[in-house]
Amino acid sequence: MSESAGGWVGVALPLKEDARLVAGRGRFLDDLGRPHLLHAAMLRSPHAHARIVRLDASAAAAVPGVLAVLTGAEAAARSGPIRPLIPTTAAVPDHCLAVDRVRYVGEPVAAVAAVDRATAEDALERIRVEYEPLPAVVDPEAAMRADSPLLYPALGTNVVWHDTLTYGDVDGALTRADGVLRERFTIQRYASTPLETFGALAEYDAGTDAFEFWTNDQRPGLTISILAASLGVPQSRIRLHCPDIGGAFGNKRRPAYLLVCALLARAAGRPVKWIEDRIENLTALMHACNGIMDVELGYRADGTLLALSVRDVADEGKNLLTPTQHNLIKLGNIANGYRIPAVRYEAWSVLTNKCPSGANRGIGKPFMCFAIERAMALLARRLGLDPAELRRRNYVTADQMPYTTPPGAQYDSGDYPATLERALERFDYARWRAEQARARAEGRLLGIGIASSVEPAGTNLASYELVTGRRAASGSAEAAMVRVEPDGHVRVSLGDPSSGQGYETVVAQIVADELGVTPEAVSVARGFDSATTPWLYLSGNYSNKFSVTDVGAVVGAAARVRAKLLRIAAHRLEIDVADLELRDGAAVVRGAPDRRLAIAELARTAYADVLGLPPGVDPGLEAHHIHQNPLAQPVDADRRVRSQLVFANAAHCCLVEIDPRTGSITLRKYVVVHDCGRELNPLIVEGMVHGSTVHGIGAALLEEFRYDETGQLLTSTFMDYLKPTAADVPTIEVDRLEHPSPVTPLGAKGVGEGGSIPGPAAVANAVEDALAHLGVVVRSLPITPEQVWRWLRET
Amino acid sequence: MTTPGAPPAPAERLRVRFTVNGRPVEHEVEARRSLADFLREDLALTGTHVGCEHGVCGACTVLVDGRSARSCLLLAVQLEGARVTTIEGLTPPDGLSPLQEAFRACHAMQCGFCTPGMIVASTELLAATPTPDEAGIREALAGNLCMCTGYVNIVRAVERAAARLAVPAR
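Protein chains in written order, with my numbering: chain A, 1 to 795; chain B, 1001 to 1170.
Among the hints, a few may not be true.
[As the list claims (entries may be wrong)] With a straight-line cut-off of 16 Å between C-alpha atoms, the simulated EDC-like cross-links for lysine to aspartate or glutamate are:
#, chain 1, residue 1, chain 2, residue 2
1, A, Lys669, A, Asp735
2, A, Lys669, B, Asp1094
3, A, Lys669, A, Glu733
4, A, Lys16, B, Glu1101
[As the list claims (entries may be wrong)] Going by beta-carbon spacing under 8 Å, a handful of chain B positions derived as facing chain A:
#, residue
5, Gly1051
6, Thr1091
7, Leu1096
8, Ala1166
No lab work stands behind these hints: they were computed from the structure. A virtual CB, placed ideally from N, CA and C, is assigned to each residue, including glycine.
Let the sequences and hints guide you as you build the complete structure.
Right, dumping it as structure tokens:
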């Protein structure tokens, strides 16, 4: 790699971390050990809803090799309830193990720590639990009824939040409209299921009354706060590390399990590791909310959209940690990329006897996009317009940027019509429309699907004020540290632990440009360590936030170090700071490149020869910076809020072929054109686009957590919860536009959620397009071959 | 009655001998110990990852006598006399193999958890079919789940490696 004057940002640099990962030299949670380590296993509820009449774990405690047993009652006696992200109205005590009642199949009721996992699992079989089954409520609309069984009788309802937010004259616009499209769409429960399951290793130091954790929890800031509060120790006596994380996608945040490990470790006097198995993962870690959306779309005869009214029911399962997030996070973007002047959003957040819902790639927005883009497809057909043309007539356009949506989100930049045009061009839309007609004449079923979406990034927790009526946490921020070591090499740490996003490389590229060094001279710490990483309550790997807050933190910290390097160099060279630049690993006099001081020499001054520093300059070359994105603001008087901050966009165009005999669906072509602003490392960006799009395809065609009416999960292994394989998906063809964000430090936008948002809609639109002549309307996912076969038989 | 904290009652242990990455191993193991756990826990070969423990995800794939196998579905005691190769055995002492280099150049991974299994499965494919087409690669890797990449760059990496390896060394 050649030395250069900056220019590393934007380069498709192969990843530093890939060199270890490709050799199996990553260091994941289950690769870690500690002296005298014990292994935990958990006993889980077989009932969706039941009272725990009696629980006797004494026989388990007597099993040779068992060092600690923890029941729900003991957990409640030894630790406080888990504090939710935001205290919503449903704040009832929520302990790390079920205490007197279980509320979903798979809820943990007891845990054992033993010398090895097999022994711990053997001991679970000795625990006797007597349950009194209670009626379970599985359907969210049933849970909303007054006579429904209640998860928490103390609340008097299963409804966490119900409110109607109206922006503009929706009723007037619907009345004046030439027509109103009314449809009901539903989405299933699914999850990204990172290949590495969740887990934790906890160690208790009785001498200092301190806890140390190693975990793949992707949101350490929140988790440390919860652990300290529940364990009753100050946060200063909790240390938490994240090693390499084997994928996360929002799924890996379950502080309850860390708490179980901590209580077992304290009881046993030995460190305890727990690694979730796949059945536990699919049954009990988290699912994206299933949901119901009733959409009313008012339009003029020419296709101009006038008003959107949405009733959105989010089925939270037993989620007390982050309820209402699926609602709040789609509020601002509920009209997707369209200019709709009047918007009404009726929110329902409802508890049921199912696995807790949680964050999953795109949180809520895949459903937003599925409903809106399906409605657009249906409206185009109703009006006899090409679906691309209907979209063209309604997009927010480039000259309207920045555009504020009626609920208050700000779309910062982009050219949505141009994105779609590029996708149609790359797809060769006209040719495939002709081919489709030809194939139809031969009895073959081809379908073309178009979907476009906005892709928000960064979360502003102030939006929860809409639910609770008062502000608890708010804003959007992240922290970073940059340090030039005494030998001149650079070390960086970030409050956001990577889970596959290549931060060790892209952050090194950013810092290399700021400090005039190469990325090899910059070591970015793997993962997270609360003792050495600056962090906030908001710190973590979530919400597509890297470009919104993290980049600013890194740039800010590097800029401080840069300023100090230049000041020291100016003093030593007896020259003005303005006449110096950092390049090629040195402070160089502009126009006189031979006059220079290497960064290593400046570092020697800063750390060792401190009398050589300019007057008033402290020794050392280390800076912390916290970047707060200024777009995050409180809820305004009209209940408008930016619940998310920076908006990328994309258009997907895909081709399916359906086998009329079997109903099987083959994706023959898939084109993505996206615009995530400035691409910091195109290799990483393109990978994110591929992967997120396949998540969308999985949700469209394969994946579903399916419950029976009693609340039993029917899809709890990878043999029945189906993931896309290499043979199920085509090559995702990617092209890009690049409209930098005016509101992020380097112009980058979010790209991690990417294709997970428009993917389900694009595939659904394609399948329906293949079958529309038979009267088929796709209203739910996944679209299975069995479903298609039934449609073909019924028509 | 036994004392809590005492070692577990001795489960049935069997002696097993085979080679791992060319080195002979001889161990007494519980009959129920999986090959995956044996490799990771007893031999500290943690490059083999465990993703589902029910034989679907392919993260734990190793070569047994040159053929790919799910180490989560094999018991260590079944391996008597076998030749086992793991990701550690496919990695040169210095640097990376051509297949690994291709994976890195193509960024054919994100979190990297599936990658060792992908390398093992691709090794088997290229040994049998030195120049596979795209459909052949997708078919051969259909037993290995990757949750991050959408497989695009993995397919590219195998194609790239095949092209490089196909050039006869002169």
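Quiz item: CA of Lys16 of chain A to CA of Glu1101 of chain B, is that 16 Å or under?
Solution: With Cα atoms ~12 Å apart, Lys16 of chain A and Glu1101 of chain B stay inside 16 Å; holds.
Quiz item: Does Leu1096 of chain B meet its interface restraint, that is, does its C-beta lie within less than 8 Å of any C-beta in chain A?
Solution: 6 Å, holds
Quiz prompt | chain A contact restraint for Gly1051 of chain B - C-beta distance below 8 Å | solution = Since the shortest Cβ distance to chain A is 5 Å, the answer is holds.
Quiz item: Per the CB criterion, is Thr1091 of chain B less than 8 Å away from chain A?
Solution: 4 Å, holds
Quiz item: Lys669 of chain A and Glu733 of chain A: Cα distance at most 16 Å?
Solution: 8 Å, holds
Quiz item: Are Ala1166 of chain B and chain A close enough, Cβ to Cβ, to be under 8 Å, as the hint says?
Solution: 21 Å, violated
Quiz item: Holds or violated: Lys669 of chain A with Asp1094 of chain B, Cα cutoff 16 Å?
Solution: 41 Å, violated
Quiz item: Would the pair Lys669 of chain A and Asp735 of chain A pass a check requiring their Cα atoms to be no farther apart than 16 Å?
Solution: 14 Å, holds
Figure legend: structure checked against the earlier numbered hints; hints not met, in rising order: 2, 8.
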